[in-house]
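Undergrad: In order, the protein sequences belong to chains U and F. According to this note's numbering, the first sequence is numbered sequentially starting from 193. According to this note's numbering, the second sequence is numbered sequentially starting from 443.
Each hint should be verified, as a subset may be incorrect.
Take a look, some chain F residues computed to stay more than 10 Å from chain U by CB distance [stated by the list, open to error]:
| id | residue |
| --- | --- |
| 1 | Arg453 |
| 2 | Ala459 |
| 3 | Pro495 |
| 4 | Thr649 |
| 5 | Asp658 |
| 6 | Glu690 |
| 7 | Glu705 |
| 8 | Ser720 |
| 9 | Asp727 |
| 10 | Ser738 |
| 11 | Asn742 |
| 12 | Leu763 |
| 13 | Ala767 |
| 14 | Gly814 |
Just the calculated beta-carbon pair ranges, DEER-fashion [to be verified]:
| id | chain 1 | residue 1 | chain 2 | residue 2 | range |
| --- | --- | --- | --- | --- | --- |
| 15 | U | Val249 | F | Asn629 | 55 to 61 Å |
| 16 | U | Ser244 | F | His697 | 23 to 29 Å |
| 17 | F | Ala648 | U | Ala217 | 33 to 39 Å |
| 18 | U | Val249 | F | Asp680 | 42 to 48 Å |
| 19 | U | Met252 | F | Arg822 | 42 to 48 Å |
| 20 | U | Ala217 | F | Ala506 | 28 to 34 Å |
Honestly, the hints are just simulated from the structure, not real lab data. Each residue gets a CB set at the ideal place from its N, CA and C atoms; glycine is no exception.
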Amino acid sequence: MSETPVDAEEVRHVAELARVDLDEAEVERFAEQFADILAYFETLDEVPAVESEPDLVNVMRADEVEDCLDRKDALANAAETEAGQFKGPHVS
Amino acid sequence: MTPDLNAFVTRETVPGADEGPLAGSTVAVKDNISTAGVRTTCGSEMLADYVPPYDATVVERLSAAGATIVGKANMDEFGMGTTTETSAFGPTRNPHDEDHVPGGSSGGSAAAVAAGEADLALGSDTGGSIRCPAAFCGVVGIKPTYGLVSRYGLVAYANSLEQIGPIAPTVEEAAALLDVVAGPDENDATTRYDRQDGVDVHPAEATTYADAADGDVEGMTIGIPTELVEGADERVVDTFRDAVADLEAAGATTHEVSLPSLEHAVEAYYVIAMSEASSNLARFDGVRYGHSGGRSGNWNESFATAREEAFGDEVKRRILLGTYALSAGYHDKYYEQAQNARAWVKQDFDEALADADVLASPTMPVLPMELGESLDDPLRMYLADANTVPVNLANLPAISVPAGEADGLPVGLQLTGPKFGEETLVRAGSALA
Numbered sequence: 193m194s195e196t197p198v199d200a201e202e203v204r205h206v207a208e209l210a211r212v213d214l215d216e217a218e219v220e221r222f223a224e225q226f227a228d229i230l231a232y233f234e235t236l237d238e239v240p241a242v243e244s245e246p247d248l249v250n251v252m253r254a255d256e257v258e259d260c261l262d263r264k265d266a267l268a269n270a271a272e273t274e275a276g277q278f279k280g281p282h283v284s
Numbered sequence: 443m444t445p446d447l448n449a450f451v452t453r454e455t456v457p458g459a460d461e462g463p464l465a466g467s468t469v470a471v472k473d474n475i476s477t478a479g480v481r482t483t484c485g486s487e488m489l490a491d492y493v494p495p496y497d498a499t500v501v502e503r504l505s506a507a508g509a510t511i512v513g514k515a516n517m518d519e520f521g522m523g524t525t526t527e528t529s530a531f532g533p534t535r536n537p538h539d540e541d542h543v544p545g546g547s548s549g550g551s552a553a554a555v556a557a558g559e560a561d562l563a564l565g566s567d568t569g570g571s572i573r574c575p576a577a578f579c580g581v582v583g584i585k586p587t588y589g590l591v592s593r594y595g596l597v598a599y600a601n602s603l604e605q606i607g608p609i610a611p612t613v614e615e616a617a618a619l620l621d622v623v624a625g626p627d628e629n630d631a632t633t634r635y636d637r638q639d640g641v642d643v644h645p646a647e648a649t650t651y652a653d654a655a656d657g658d659v660e661g662m663t664i665g666i667p668t669e670l671v672e673g674a675d676e677r678v679v680d681t682f683r684d685a686v687a688d689l690e691a692a693g694a695t696t697h698e699v700s701l702p703s704l705e706h707a708v709e710a711y712y713v714i715a716m717s718e719a720s721s722n723l724a725r726f727d728g729v730r731y732g733h734s735g736g737r738s739g740n741w742n743e744s745f746a747t748a749r750e751e752a753f754g755d756e757v758k759r760r761i762l763l764g765t766y767a768l769s770a771g772y773h774d775k776y777y778e779q780a781q782n783a784r785a786w787v788k789q790d791f792d793e794a795l796a797d798a799d800v801l802a803s804p805t806m807p808v809l810p811m812e813l814g815e816s817l818d819d820p821l822r823m824y825l826a827d828a829n830t831v832p833v834n835l836a837n838l839p840a841i842s843v844p845a846g847e848a849d850g851l852p853v854g855l856q857l858t859g860p861k862f863g864e865e866t867l868v869r870a871g872s873a874l875a
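Next up, chain F with everything else stripped away, as it sits in the complex:
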């Protein structure tokens, strides 16, 4: 057993049903996904003692499928980070090299799977928070299409962008976990319904994603967005090119494609995510749950004290910047323009995916950072998300699969597909892992 990676905030075993597709499997659950009776901290001092009175829909589905939950996985505070260093419970370490970060924000989930502390894990992905740690830890992570998986019981950070998704050692195992958690939910009105012959159907109902893990890429067309390769670290690009060559050797054809809107994706993502965060995190007043600001002052004073004491720097930064972006005089300049950029990114993806089955890029433009390296420079940390945030803006599905290693550190290859095209991603990804 390796030294403690600090992959878990809380270790607690919750057995599932006796039988089911995940019977015998252990699962780590990211600590922003509600578990009845097991504290759910979101990696924050604010919720250090918060015990949810109900299960998230995905947790109910895990238990019904026979999975055993082994703990709540460490994460960047409220999902705000790319390294799992903003957790109030200390950073998680990368199992491949403990001086490096595991990626984030679902760093505990990916590290637990990579180190064998859990067979599988659930993460959440608002701007890359499943794919980034999957890439940095050398495992597989899927960010599903918006609306494929219920968000009921997921503590919201930026709800128009985020989805819960699986992390696993192989594409087939990740797909099998997706089969369990995907589906409609009357408690989440944003789960997808398509009306067919007068009946509401959900895309996951007639699909078994694990069956698509046949690695058959013969005849598949793969577009490579130049904007997502050009700025990346040379060692990352070399490893990515080798993996693309493997896909070509298996029968896929590739071509380069340009998506000019992607140059603005990071700023659009951060404006939208911070704006939503400033609203979503307003619920933490220290009265109904969470760290109390005491009762010596009036409501506003107590509220502001609770939030000063119990939110970390990155959370404060995003709440303040989101408040600023939505404030009078700045709304049109920031928020409105970010929504325009979001529509443009969607349009670019639709056009690129009209001529390709999937798009391929490095998942992260950099190798895993050293611990402590990026904490003092928030803008630099934001820029590391350049390749993952476009997918969230466009509501599309994407998968990160191990592409190889550079300097002893894992590199991930990201495949992006059309909405509800998870089967194609599983098929293409399973040619590599």
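Same shape as in the complex, but just chain U:
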């Protein structure tokens, strides 16, 4: 069994961090499901530390000015725009 059981309070906290509002029914359901899923994830404790050398190299390119998305196209999917810019809610 998980040493960190998930309760409704924990689900609400994570939902706040992730910026996803939940209604009470969702909180209850997720708390129950997360307990099962996280208990299953517990078996990762059995995995040994593995030495691995990633065969990756950095791929660089020259930093040159190129054509990019037109401003009108970039704004086309926004709910609201103003003076060629995205218009969002108040910051605080």
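Got chain U sorted already, so can you dock chain F onto it with the hints?
TA: Relative to chain U, chain F alone:
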């Protein structure tokens, strides 16, 4: 014509170039692959009205090759599902039996090909999303090696795991579609470059995958990972064994092999995929694109409202679990251990593929589920991915080919090869389909 399978979210015809290797072919494109001017929903209410201002690289390549796009294929919301039931646009039905799911998340792509609504299709595979629906719908699907195909214009779910790949009725046709979409792309820095004689070359440049579809398995060595057979449904295993016998009759030799790390692949996959999803899907704030949360509250309130209203249950679940796995105090326990498991899986595959040309297993350990059967039990749905997720963790290529039927439902055989070993997979797979 069969009743509507709901294989497409949007039906729209986009003609390609007059000439090319795919001239005259129709292609369904999964709805998480950007198409300029044609809405791209990812199966989500969040993007129900989103119209991309540019084409994904693979779409440009399709059009240049002469293919006609016939629509955007239905899918699990943002690729998160194994049945195509989490789509905000309703489930797709399996053309072999409409009471069953087509698999997922590229269920619309596979169903469209199986039902003849498109000659070919593109899907994306993060943990089996091409191979699972290919198996459930009785068609061929290829998950390419990470870095073979550009992901530019693919809406990201878990970008360290996913690749775009082909779905087709036969191995040869799937390989021909792979020939069109594979290649380097300066817009995707994770496409592979190998430095040879001072020049960057990509593995697809000197290769014609379709030419390898000669079905010649004489002398080929096939390893069978016991971990991927033991837990599977008996009817699936019987059908798989029959197909393996066909490969042996054609001259291949088989042996059993054990990859102990695979026992931890599902949990490692879900921890990594959910963690990446929690970050990748943070872009959906309802301001620059997507469903708006309105402007009555502050930024955080509006953001949280947009995401409550427009994400479905499975997407919320994965974002929250990913946030949890990365949060202070849990990072080492979940994410770090999952990365260890990923390295272990890679190591096990490398060792097994040192003694075999390819590895064979059932693609899915179960037959296609009945519609509605698995939606209320997310953990059960995750466990159905046991045979497909290891390949994504190891960045390797794999193909699912039809192995036969059990109880009137298709069963797929999965072949896994060494990195950039797609030709070997095409050769072995074409002995069956």
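Undergrad: Hint by hint, where does the structure go against what was stated? Just the numbers, ascending.
TA: 3, 7, 8, 9, 10, 11, 12, 13, 15, 17 and 20
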